[in-house]
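S.K.: Chains as they are written, first to last, in the numbering used here: chain B, 1 to 303; chain R, 1 to 211.
It should be emphasised that the hints constitute simulated quantities derived from the structure, not laboratory data.
The beta-carbon is built from N, C-alpha and C at its ideal position, and this holds for glycine as well.
Take these hints with a grain of salt, some might be off.
Okay, derived cross-link-like pairs now, DSS-like style, lysine-lysine, Cα gap no bigger than 25 angstroms in a straight line [what the hints assert, rightly or not]:
1) B:110 with B:276
2) B:246 with B:174
3) R:72 with B:25
4) R:108 with B:43
5) B:25 with R:75
6) B:43 with R:75
7) B:25 with R:192
8) B:122 with B:43
9) B:25 with R:111
From the structure, some residues in chain B lie toward chain R, with a derived Cβ separation under 8 angstroms [claimed, not checked]:
10) 15
11) 17
12) 293
Not everything, but these chain R residues come out facing chain B in the computed CB check (under 7 angstroms) [unchecked claim]:
13) 68
14) 101
15) 106
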Amino acid sequence: MSKERIQISEALYDIMPSDYQDLVKSATYGKEDRGWKDIGTSKELIEQHSLCAGCPESMAFRYILASLPNPEDTVMVGSTGCTSLVFPMVAVHNIHSLFGNQNAIASGLKRALSVRFPGRVKDVVVLAGDGATVDIGLDMTLQAWFRQEKFTTICFDNELYANTGGQESGLMQKGFVAKMAPVGKLFDKVRLPEIARESGCHYVVNCTVSKPSLVEKVIRNAVHIAREIGPTYLQLYTPCILEIGKNSMEGLQEMRDSEKPTERFAYKEYVSEPAKQLLAELAAKDKERKAAAKQLAAQAQAN
Amino acid sequence: MSDYRVLPGPEHFLPPAAASMGIRLPNPGEAHINGVITSEEDAYEEAARQFLMAKVPTIFPGPLVLWAWNEKAAKKATAIRHLFNTLKECVQPGQKPMLIPMPDYRPKYPKINPEVEINPNHPNLTIWHNKIDCCIFIGVHCHQANLSLKIIRGGTSCYTIAMCAQAGHEDAMLSFRDASVEKIMRLADTIKRLKGTVQPRLASANNGVSN
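Turn these sequences into a full structure, and let the hints guide you.
M.R.: What follows is the structure in structure tokens.
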């Protein structure tokens with residue numbers, strides 16, 4: 001994979017807005033070791049967004065886009081919600097689906113890409129909110145997992161319908177009172193990570209996005225496993241600071257508080273046996289590659 | 001044949017699709033002017049005249065030519081640059097030709113800079129901001145070009161020309177079909193040939209601004 005495939009016509013180069021020129025010159029497309037540390041040092045695949053100031057979802061978006069192992073050949077499928085406000089500014093192919101349809105769209109897309117580009121690795125990543133994943137789109141989410149569709153589903157869990165003013169969602173915690181849910185949630189948060197495991201997902205993680213290196217690791221694992229083995233699911237806590245009455249600066253602390261061992265977003269990971277084997281193989285290859293690179297660098301220095 | 005004519009607007013907030021008003025697309029070797037099928041030869045002359053008359057004649061290249069997808073795309077880009085250079089050479093003092101890209105079809109949030117780019121979802125902003133009174137679309141995918149052309153016809157008085165690689169556009173005031181490097185070069189040659197024979201409408205231009 002390489003950014004050589006993405007080139008501006010020379011005759012019209014000077015009239016292209018600078019963000020496109022920068023994207024071609026210094027984006028991380030094609031870089032093998034790309035990751036969250038590139039944020040701020042290289043052209044990002046997302047620079048501006050229209051989310052609220054301090055929104056944890058905007059952090060999550062950046063970490064995810066910086067961690068995709070193969071952004072040139074990745075198609076993201078989004079759904080209605082705050083995420084759909086960001087996709088217009090993302091330099092990765094993306095499709096906006098009808099509310100809840102994202103996993104059905106991704107299923108067809110993944111299959112079509114395998115037929116259209118048989119010799120090329122094409123990753124599909126679904127990124128939707130909790131309303132789209134668990135309430136409106138639960139049918140499509142589960143059916144994709146039952147069918148063992150090879151793509152990653154990421155749920156930005158903010159525990160309510162933030163985009164429309166704070167209605168109750170299936171992933172809202174029991175007893176929580178929101179602006180548009182004044183009675184308080186009457187039943188428990190849907191245990192989707194467990195449902196995902198039982199539905200056939202090979203890699204399931206439930207965590208917050210407070211630690212970028214952790215987000216990078218789980219995204220890479222999820223995409224690689226989905227590519228080779230079967231469906232993967234990540235549930236990431238991206239609290240809506242407005243709807244839970246916090247200030248712009250308090251999003252990070254909210255996530256840290258919610259990931260303590262006894263809290264609902266304590267890190268939980270499930271890896272199936274075939275997925276464990278794949279991760280071990282990938283780790284071994286990575287180690288080999290790094291050792292070879294180190295050796296080359298040492299040789300170059302000696303010469 | 002329909003009595004409806006595709007004319008510079010502002011038509012109204014939601015102008016009808018020209019196709020729904022009975023305007024049909026030209027056959028190969030033909031073009032249309034204001035919705036009336038005509039020869040390509042006439043269309044080159046009229047397009048060149050409109051460009052030479054305009055205060056701010058503008059070329060809008062789209063993603064099909066902005067990105068070097070293949071050799072043909074790169075050649076078209078070179079031809080477009082030649083067309084723009086020719087236009088600059090042929091206009092009179094006071095006229096200001098522009099070359100503004102349409103690099104993205106997605107609506108640009110939080111904001112677009114209408115001075116340096118045009119977006120199909122709100123093309124009127126670029127027309128208004130730069131006071132464009134005549135423009136040509138080249139290398140824009142048909143469905144996005146149709147959307148833009150309708151919005152421009154609805155809210156501005158800009159004269160629109162489409163150099164379409166497929167079957168042409170009813171919603172443009174003038175449309176070629178089967179665009180190629182040769183056709184772009186021929187338009188440039190026609191502009192060169194008509195240089196000095198057309199009076200620019202500098203004083204009377206209403207600058208593409210509606211009402």
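S.K.: Quick check on residue 101 of chain R please, does its C-beta sit within 7 angstroms of some C-beta on chain B?
M.R.: holds, 5 angstroms
S.K.: Holds or violated: are the alpha carbons of residue 122 of chain B and residue 43 of chain B at most 25 angstroms from each other?
M.R.: With Cα atoms ~22 angstroms apart, residue 122 of chain B and residue 43 of chain B stay inside 25 angstroms; holds.
S.K.: Residue 246 of chain B and residue 174 of chain B: Cα distance at most 25 angstroms?
M.R.: holds, 19 angstroms
S.K.: Holds or violated: are the alpha carbons of residue 25 of chain B and residue 192 of chain R at most 25 angstroms from each other?
M.R.: violated, 36 angstroms
S.K.: Is the straight-line distance between the alpha-carbon of residue 72 of chain R and that of residue 25 of chain B 25 angstroms or less?
M.R.: holds, 23 angstroms
S.K.: Would you settle whether the hint for residue 17 of chain B is holds or violated, based on the nearest Cβ-Cβ distance to chain R being less than 8 angstroms?
M.R.: Since the shortest Cβ distance to chain R is 5 angstroms, the answer is holds.
S.K.: If you draw a straight line from the CA of residue 25 of chain B to the CA of residue 111 of chain R, is it 25 angstroms or shorter?
M.R.: holds, 23 angstroms
S.K.: Under 8 angstroms is the threshold here; is the Cβ of residue 293 of chain B close enough to any Cβ of chain R for the hint to stand?
M.R.: violated, 31 angstroms
S.K.: Return the status of the interface hint for residue 68 of chain R: holds when the least beta-carbon distance to chain B is below 7 angstroms, violated otherwise.
M.R.: Since the shortest Cβ distance to chain B is 5 angstroms, the answer is holds.
S.K.: Has the given pair, residue 110 of chain B with residue 276 of chain B, been kept, meaning a C-alpha gap of at most 25 angstroms?
M.R.: holds, 23 angstroms
S.K.: So, residue 15 of chain B near chain R? Judge it on the closest CB pair being under 8 angstroms.
M.R.: holds, 5 angstroms
S.K.: When you check the alpha-carbon spacing of residue 108 of chain R and residue 43 of chain B, does it fall within 25 angstroms?
M.R.: holds, 18 angstroms
Violated hints, in rising order: 6, 7, 12; the structure is consistent with all others.
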